[in-house]
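S.K.: Given the sequences, and given the hints that come with them, work out the whole structure.
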Amino acid sequence: MQIDARQTGIGYIKISDLADDLNLTVRLFARAVSFFRDEEVPAIIVDLRQNSGGSPMGAGLASYFTKDEVELSRSYYYSERTGKFETYGPPATIEPDAALFYPGRLVVLVGPACASACEDVAWVLRQLPQTIVLGQYPSAGMMGEVGRGQYQLPADIQFQIPTGMDRDMQGEILIEGVGVVPDFRVPVDMASALSGRDAVLDGALEALTLRPRLRRALDVRDKLQAQTKSSGSEAGGTQMLLPGAAPIEIYSAKPDSAWWQALADAQANAVLRAGESQSVAVRLQDKDDEVLWAYGWCAADDATLAANWGQISARFVVEGLEVSAANLFTAEHAVNGGVCRAAFAALGNFPGGTHDLSVEVNFAAPVRAGQRIHAAGLRTYTHIVTAPQISNN
Numbered sequence: 003m004q005i006d007a008r009q010t011g012i013g014y015i016k017i018s019d020l021a022d023d024l025n026l027t028v029r030l031f032a033r034a035v036s037f038f039r040d041e042e043v044p045a046i047i048v049d050l051r052q053n054s055g056g057s058p059m060g061a062g063l064a065s066y067f068t069k070d071e072v073e074l075s076r077s078y079y080y081s082e083r084t085g086k087f088e089t090y091g092p093p094a095t096i097e098p099d100a101a102l103f104y105p106g107r108l109v110v111l112v113g114p115a116c117a118s119a120c121e122d123v124a125w126v127l128r129q130l131p132q133t134i135v136l137g138q139y140p141s142a143g144m145m146g147e148v149g150r151g152q153y154q155l156p157a158d159i160q161f162q163i164p165t166g167m168d169r170d171m172q173g174e175i176l177i178e179g180v181g182v183v184p185d186f187r188v189p190v191d192m193a194s195a196l197s198g199r200d201a202v203l204d205g206a207l208e209a210l211t212l213r214p215r216l217r218r219a220l221d222v223r224d225k226l227q228a229q230t231k232s233s234g235s236e237a238g239g240t241q242m243l244l245p246g247a248a249p250i251e252i253y254s255a256k257p258d259s260a261w262w263q264a265l266a267d268a269q270a271n272a273v274l275r276a277g278e279s280q281s282v283a284v285r286l287q288d289k290d291d292e293v294l295w296a297y298g299w300c301a302a303d304d305a306t307l308a309a310n311w312g313q314i315s316a317r318f319v320v321e322g323l324e325v326s327a328a329n330l331f332t333a334e335h336a337v338n339g340g341v342c343r344a345a346f347a348a349l350g351n352f353p354g355g356t357h358d359l360s361v362e363v364n365f366a367a368p369v370r371a372g373q374r375i376h377a378a379g380l381r382t383y384t385h386i387v388t389a390p391q392i393s394n395n
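First residue of the sequence shown? That's 3 in my numbering, and the numbers climb one at a time after it.
Everything labelled a hint here was simulated from the structure, so no lab data went into it.
Note that the coordinates shown come from a computational prediction; the quantities given were computed from them, not determined experimentally.
We put the beta carbon where it would ideally sit given N, CA and C, even for glycine.
Estimated spans, in silico, between C-beta atoms of each pair:
hint: 1; residue 1: Gly149; residue 2: Phe37; range: 30 to 40 Å
hint: 2; residue 1: Glu278; residue 2: Asp303; range: 23 to 33 Å
hint: 3; residue 1: Thr95; residue 2: Pro164; range: 21 to 31 Å
hint: 4; residue 1: Thr89; residue 2: Ile386; range: 42 to 52 Å
hint: 5; residue 1: Ser197; residue 2: Gly11; range: 18 to 28 Å
hint: 6; residue 1: Gly340; residue 2: Glu278; range: 16 to 26 Å
hint: 7; residue 1: Gly379; residue 2: Asp221; range: 31 to 41 Å
hint: 8; residue 1: Asp288; residue 2: Glu42; range: 16 to 26 Å
hint: 9; residue 1: Ser57; residue 2: Glu178; range: 16 to 26 Å
hint: 10; residue 1: Gly91; residue 2: Ile386; range: 45 to 55 Å
hint: 11; residue 1: Phe87; residue 2: Gly322; range: 37 to 47 Å
hint: 12; residue 1: Asp221; residue 2: Gly91; range: 20 to 30 Å
M.R.: Right under this line is the structure:
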């Protein structure tokens, strides 16, 4: 394990394996977290990129970063008696550590060499709201439980297969075949390849100091359903950023159909031609303001919407880093004269200054909207968001 306090004032912990002295690993990790807490370090980077696994320790390591119990997942095994995968007992849970709590932010670095139990640690840490995952690629995607699937073959060949699987509390299979997908993807390009620098680590430092904080897809869903704040609240509000349109504020007093109709109107008025781009300036009034950022498409009926949406891809990019599709929440709603579908991202904790939020929309084939046919090609919608500087006085 490598522990460091970067010159930027950000903590850094690199865990290279989870197979050797596990007691020592836990004690060193806790000591590092305790040191960073005592020194009031605002954030910690946990580097798991070169960790091939060992013992799944995610719930234990995550215990220092929450005050509340967090239910994570259930393990399932095939039952020959029932012919189904069955689960028994309570779910895996993060139990808060009674002696140590670190209140700052976390960034977890992953890559294809992070496999098996390493992915357990990355995934569990990602279930905490203060965590984001960064990388150029997802983790290996091979976390099936193999303890019961060990086989000894002739010629001293050992063979193992997964015999168990984990599902999250919504019933989705964890990690297998997909990996832990970065919330922000650090681009793989000529500049990063030839720079001689660690582009992923640089991206983590920038995400902590220069970029707004990305919310999870579940948080986006909850924010849409809750409709943010009530009118007259003193707390920071939420602004909805729609393609090519000025932002609209969302209040709980507004029915959700109001901003869905606003999205429909924005789409009708701001569909760019292939190759065009458009920029809209947005000024946040409060450091606690949040942004719901959307791209949507509307059509006269469900069948037309499905056909059109199938030709459309949208990349949400925050100052050069692509937002993972796993952090986008997609929803549909009826509007006057049709139905709309939109992908939403949520951002908050904007550092003071200007931030570039772009949605790169590509039509893979011509798309018909009413009497108009939109040519295939790329369109870019940008919001330049200015956040207030925080006074040190």
